[in-house]
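Student: Listed here are the chains, written in short residue letters.
Protein chains: 2
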Amino acid sequence: MKKVNRREFIKTSAAVAAGVSLLPSGIILGRDDRKVRLGFIGVGLRGTSHLELALARKDVEVKAVCDIRKAATDNAVKLVTDAGQKKPAVYLNGEEDYRNLVTREDIDGVIISTPWVWHAPMAIAAMKAGKYAGVEVPAALTEEECWDLVHTSEETGMPCMILENVCYRRDVMAVYNMVRQGIFGELMHCHCGYQHDLRNIKFQPGAEFGEKGQGEAVWRTEHSIKRNGDLYPTHGAGPVAKMLDINTGNRFVTLTSMATKSRGLHNYVLAQGGEDHPNAKIKFALGDIVTTMIKCANGETVLISHDTNLPRPYSLNFRVQGTNGLWMDDFDSIYLEGVSPEPHRWESFEKYQEQYDHPLWKKYESDSEGAGHGGMDFFVLHAFIESIKRKVPTPIDVYDAAAWSVLVPLSEQSVAQGGAPMAIPDFTGGRWVWRKSDFALDDQY
Amino acid sequence: MKKVNRREFIKTSAAVAAGVSLLPSGIILGRDDRKVRLGFIGVGLRGTSHLELALARKDVEVKAVCDIRKAATDNAVKLVTDAGQKKPAVYLNGEEDYRNLVTREDIDGVIISTPWVWHAPMAIAAMKAGKYAGVEVPAALTEEECWDLVHTSEETGMPCMILENVCYRRDVMAVYNMVRQGIFGELMHCHCGYQHDLRNIKFQPGAEFGEKGQGEAVWRTEHSIKRNGDLYPTHGAGPVAKMLDINTGNRFVTLTSMATKSRGLHNYVLAQGGEDHPNAKIKFALGDIVTTMIKCANGETVLISHDTNLPRPYSLNFRVQGTNGLWMDDFDSIYLEGVSPEPHRWESFEKYQEQYDHPLWKKYESDSEGAGHGGMDFFVLHAFIESIKRKVPTPIDVYDAAAWSVLVPLSEQSVAQGGAPMAIPDFTGGRWVWRKSDFALDDQY
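Residue numbers (my numbering), protein chains in the order written: chain A, 828 to 1272; chain B, 828 to 1272.
Honestly, the hints are just simulated from the structure, not real lab data.
Since this is a predicted model, take the numbers as computed values, not measurements.
Beta carbons are placed, not taken as given, at the ideal position from N, Cα and C, and that holds for glycine.
Please note that the accuracy of each hint is not assured.
In silico EDC-like pairs for lysine to aspartate or glutamate, Cα to Cα no more than 16 angstroms straight-line [said to hold, decoys possible]: (1) Lys1088(B) x Asp886(A); (2) Lys897(A) x Glu922(A); (3) Lys885(B) x Glu1102(B); (4) Lys1088(A) x Glu1013(B); (5) Lys913(A) x Asp886(A); (6) Lys1039(B) x Glu1049(B).
One-sided excerpt, in silico: chain B residues whose CB lies under 7 angstroms from chain A [stated by the list, open to error]: (7) Thr1083; (8) Arg1090; (9) Ile1116; (10) Thr1118; (11) Arg1139; (12) Trp1173; (13) Pro1248.
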């Protein structure tokens, strides 16, 4: 399948380059009834969650799993065999063993759920081996890595899908549906962000991280020591980018970022470990709240918050505002001029959720029950798998992966330069002007 | 009184320069039982509101009123005489006649409620004539005007108070009280702004403004045609500045601004006047939503929204966030770690409002009933009048007026330069390091 896919995607890329919209109608190739064969790189908490969702489907075979920890691959193997599938091949021989997984002839795509620094190299290796790359967020850490992803996808013809699950959150998709139908009028301004108290994830157990840490504390905390910027923008920027048609008629042009001082993590170490704990001496580079403003080619602005070190209620801080009104995530509120019952008064989003519920959610609601993060994890994996099945581009593609992930290094650079504006590259090479979105157009994937 | 005041304020300025905190205890001079004598420059809607509040007090005599419209001064004169006071002198002889009002010997202070362009010249003239200047927001339109205000106040020893009423909003003052008591921990980040659909104020009647307009449409709309930036930041920036001790231990250091495209006003003209209305041809410079980020000397960030051209519920968009938790204006919500009943869940601000209600509000609640904007207009005028009575500096001073008002031109410059950071001047000449706040410290003013 590898060679077919590669050829197919050269053709596909050419079709895209010619302005042909590839709808998921299967017109390019007939639907393939063969099961989609996946490999999983990284089967920690996140990878295991993806694995379980894949195993719950009838159209997936899990051929291989990879991790650097035997406990992780053991658990993954058990999950696969318990699901009645054949024992998958295991890649456990150090950090580079994933390269042997991606070159297997019997897989169509890989799911990458590893620490951030591995995302881009693994996705690139997968594409070079002729596989669909499904990669967790952010897809890259540097601008150069973003370009490498794009160039690799273009050269190999293989898709790279950033697995941004929030694009499929039920309310977000209803709002997306409303945006496409023009209910908000012309979009003007969006808020979004990652406002999530991660202190007990960055330190686990107690005040520990790194070698003494558990879970994401093993690797994630180090980023807060060395880096200052929006380290995790895509949960907000991704969904908003789809609403704003970024890379398909619009693009991110420039950003500026500012960071507050850093207090939350140090205070947490003191509270958990006391003043004499060795981690109490650490200076954290990451400002507790990092705010980023983006200007878009079509004149809209986007505001992104990164707020992970302080106590607060969880919120992705969505606001979608157009010439007719606006929706706010916090307190599920909406106001539409001439539609909302009282002038200038919020109303509950509830009835709009029903009215504009996305066809995908209507169709797959029961399938998504129990899936992670309120069901949305089902949909992001569904989109990846259905794209492979249809041999079409993924609805969230390498240009999205690059445009959303590059916000991380550019935000760091802007913070370091006192809020100076940073140019956001046009990864599409000018094709954003006429490219068409194929994200969630109907109830298929 | 003019000469006494001027001498007194030279003395006062010297005391301030020496680091002496001037509390409103009357220790510098004994309390003066003579009534405070005011002149009113501009008696349109806003000035009349101030006038009515002044007339409701027993400690004020209104000696003079000034406007360019006879209907306005006629109405003001009637209000004064109806209140049982002597007929005030009237200054109605064109745009410069206010200069004759400010030089009267029988007034202690002036209230300036005129179109924006007149604020700084009038306040400067008042101070030069030895009068307390109370000036509506913003106090100035250019950086040079801000400096002129500061230099004039320093040279004359006369105070200039920007009449920022939202500093006295009841919930804002309760939050300010909490901030001073350390309930939020160390402050990290604030949101604020002016989110107010002004379309039917910028156009009145119908699609008219300027010579054919009424009310603020006569002069305010023109600013939306020519200028692009945060034209009206002080309702948010003022209260937040007081919480962050701006000019008294902290300062605004730099800002960046971005603006969306402009759609709302043009659409409104079309809706009100049709495509053939002459105003349908106007190109509006003002982006519908302008977002500004500020970095403070002590490491906090402030986000300011300006959103006046689109349909939306009114909101000043307050958020005050510290190391212990945060308050949000929208939906009166608060979360405090270890205090709020459920971890990471919003609770209603209601009980905090009771617990931390500011002493000023407790004392003057009944006096403020019926005063504009939910009562807060009472307090801002009260502070101005009580400062004059005590012959002390106003609790919101010329450095505040300058630091808050300069955000307007700097925001315009940043927008014009693609979001480039703009240095915010230190109008205190370095004294912010040790200056102490005397804003709303107790229940006096």
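Student: Evaluate each hint against the coordinates.
Tutor: Hints, verified against the model:
For a cut-off of 16 angstroms, the pair hint linking Lys1088(B) to Asp886(A) is broken: about 46 angstroms separates their Cα positions. Restraint check for Lys897(A) and Glu922(A): satisfied, since their Cα atoms lie roughly 13 angstroms apart, inside the 16 angstroms limit. For the given pair, Lys885(B) sits about 54 angstroms from Glu1102(B) by alpha-carbon distance, which is inconsistent with the 16 angstroms threshold. In summary, the hint linking Lys1088(A) to Glu1013(B) is supported, as the alpha carbons are separated by about 11 angstroms, within the 16 angstroms threshold.
Distance check on the hinted pair: Lys913(A) and Asp886(A) sit about 14 angstroms apart at the alpha-carbon level, within 16 angstroms; holds. In summary, the hint linking Lys1039(B) to Glu1049(B) is supported, as the alpha carbons are separated by about 12 angstroms, within the 16 angstroms threshold. With its C-beta approaching chain A no nearer than about 5 angstroms, Thr1083(B) sits inside the 7 angstroms limit, and its interface hint holds. For the restraint placing Arg1090(B) at the interface with chain A, the shortest Cβ-Cβ distance is roughly 5 angstroms, inside the 7 angstroms limit, so the hint holds.
Evaluation of the Ile1116(B) hint against chain A yields a held restraint, the C-beta minimum of about 4 angstroms falling below 7 angstroms. Residue-level restraint check for Thr1118(B) holds (minimum Cβ-Cβ distance to chain A is 6 angstroms; threshold 7 angstroms). Proximity of Arg1139(B) to chain A holds as hinted, the smallest CB-CB distance being about 6 angstroms (cut-off 7 angstroms). For the restraint placing Trp1173(B) at the interface with chain A, the shortest Cβ-Cβ distance is roughly 5 angstroms, inside the 7 angstroms limit, so the hint holds.
Taken as an interface hint, Pro1248(B) checks out: its beta carbon lies about 4 angstroms from the nearest beta carbon of chain A, inside 7 angstroms.
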